[in-house]
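Chemist: This is what each chain is made of:
There are 2 protein chains.
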Amino acid sequence: MNNPANLFADIPEQASQELFSNLLDNPHCRIERIVSYGQSSPHRFWYDQGSDEWVLLIQGSAALDVEGQMVKLVPGDHLLIKAGQKHRVTHTDQNQPTVWLAIHLNEPAKS
Amino acid sequence: MNNPANLFADIPEQASQELFSNLLDNPHCRIERIVSYGQSSPHRFWYDQGSDEWVLLIQGSAALDVEGQMVKLVPGDHLLIKAGQKHRVTHTDQNQPTVWLAIHLNEPAKS
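Residue numbers (the working numbering), protein chains in the order written: chain A, 1 to 111; chain B, 1 to 111.
Derived by calculation from the structure, the hints in this document are not laboratory data. Treat the hints with caution; some may be incorrect.
[What the hints assert, rightly or not] What follows is a list of derived Cβ distance ranges for each label pair:
(1) B/95 / A/95: 26 to 32 Å
(2) A/49 / B/106: 16 to 22 Å
(3) A/8 / B/15: 25 to 31 Å
(4) B/49 / A/93: 49 to 55 Å
(5) A/43 / B/19: 40 to 46 Å
(6) A/25 / B/72: 21 to 27 Å
(7) A/72 / B/19: 25 to 31 Å
(8) B/106 / A/94: 37 to 43 Å
(9) A/94 / B/14: 21 to 27 Å
(10) A/15 / B/14: 36 to 42 Å
(11) A/13 / B/49: 19 to 25 Å
(12) B/86 / A/86: 41 to 47 Å
(13) B/10 / A/41: 29 to 35 Å
(14) B/15 / A/41: 37 to 43 Å
Since we're looking at a predicted model, the values are computed, not measured. Note that the Cβ used here is the ideal one computed from N, Cα and C, for glycine as well.
The shape of chain A in the complex, shown without the other chains (with noise of 0.2 Å):
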């Protein structure tokens, strides 16, 4: 059966932590949302992936630092993070749970 779930569904108002949920995990990408509650990367730290990641903020706003360069995005805002390339989240909205889908591209499933 295809009965879809909602991207929106288990949201709460507010949460300590970033949340991070596998919508498909698949041998061949991995579809993941993650909730924001204005939180940010810790000071110095850098994700460094060894896979390219697609990244959609849907709702809220963010910015993100990319090997130096400041993006910021609103929802819709896409782009697409090369393995390897350093990136770091600088801000997420304080008013409102901001929703990322990231689609990490060629990423072997866990076994």
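Dock chain B against chain A, hints included.
Modeler: For chain B alone, kept in the frame of chain A given last:
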């Protein structure tokens, strides 16, 4: 550089045909934006695809027939349509553009 593009850019208020735009065409998956203007699949037409497709309805509303099962979609609804699952679009919103995100999994890049 990592300048974002926006999913809602270049969406006319009305169009006589559905719009299909590749947002990313990767050897491991193709990410496509589809905009519908009340269109549905032709009578007796069925999509029958060789790769899995993950669909997210972003804006508007729609209904699918997936192998005889009716699936209504509102914003945020997502579902996986497996390769070989015959499906057709039976309805899209008459009052506003319907915006879909379709992730075609494991589809080879066009050469």
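Chemist: For each hint, tell me whether it holds in the structure or not.
Modeler: Tested hints:
1. B/95 / A/95: 26 to 32 Å: 29 Å, holds
2. A/49 / B/106: 16 to 22 Å: This hint holds: roughly 20 Å between Cβ atoms.
3. A/8 / B/15: 25 to 31 Å: Cβ of residue 8 of chain A to Cβ of residue 15 of chain B: about 27 Å, so the range 25 to 31 Å holds.
4. B/49 / A/93: 49 to 55 Å: The hint (49 to 55 Å, Cβ to Cβ) is violated, given that residue 49 of chain B and residue 93 of chain A are roughly 37 Å apart.
5. A/43 / B/19: 40 to 46 Å: 43 Å, holds
6. A/25 / B/72: 21 to 27 Å: 26 Å, holds
7. A/72 / B/19: 25 to 31 Å: 26 Å, holds
8. B/106 / A/94: 37 to 43 Å: 39 Å, holds
9. A/94 / B/14: 21 to 27 Å: For residue 94 of chain A and residue 14 of chain B the Cβ distance comes to about 38 Å; the hint is violated.
10. A/15 / B/14: 36 to 42 Å: With a Cβ separation near 41 Å, residue 15 of chain A and residue 14 of chain B satisfy 36 to 42 Å, so the hint holds.
11. A/13 / B/49: 19 to 25 Å: 39 Å, violated
12. B/86 / A/86: 41 to 47 Å: The hint (41 to 47 Å, Cβ to Cβ) holds, given that residue 86 of chain B and residue 86 of chain A are roughly 44 Å apart.
13. B/10 / A/41: 29 to 35 Å: 32 Å Cβ-Cβ, so the 29 to 35 Å window holds.
14. B/15 / A/41: 37 to 43 Å: 40 Å, holds
Violated hints for the displayed structure, listed by number in ascending order: 4, 9 and 11.
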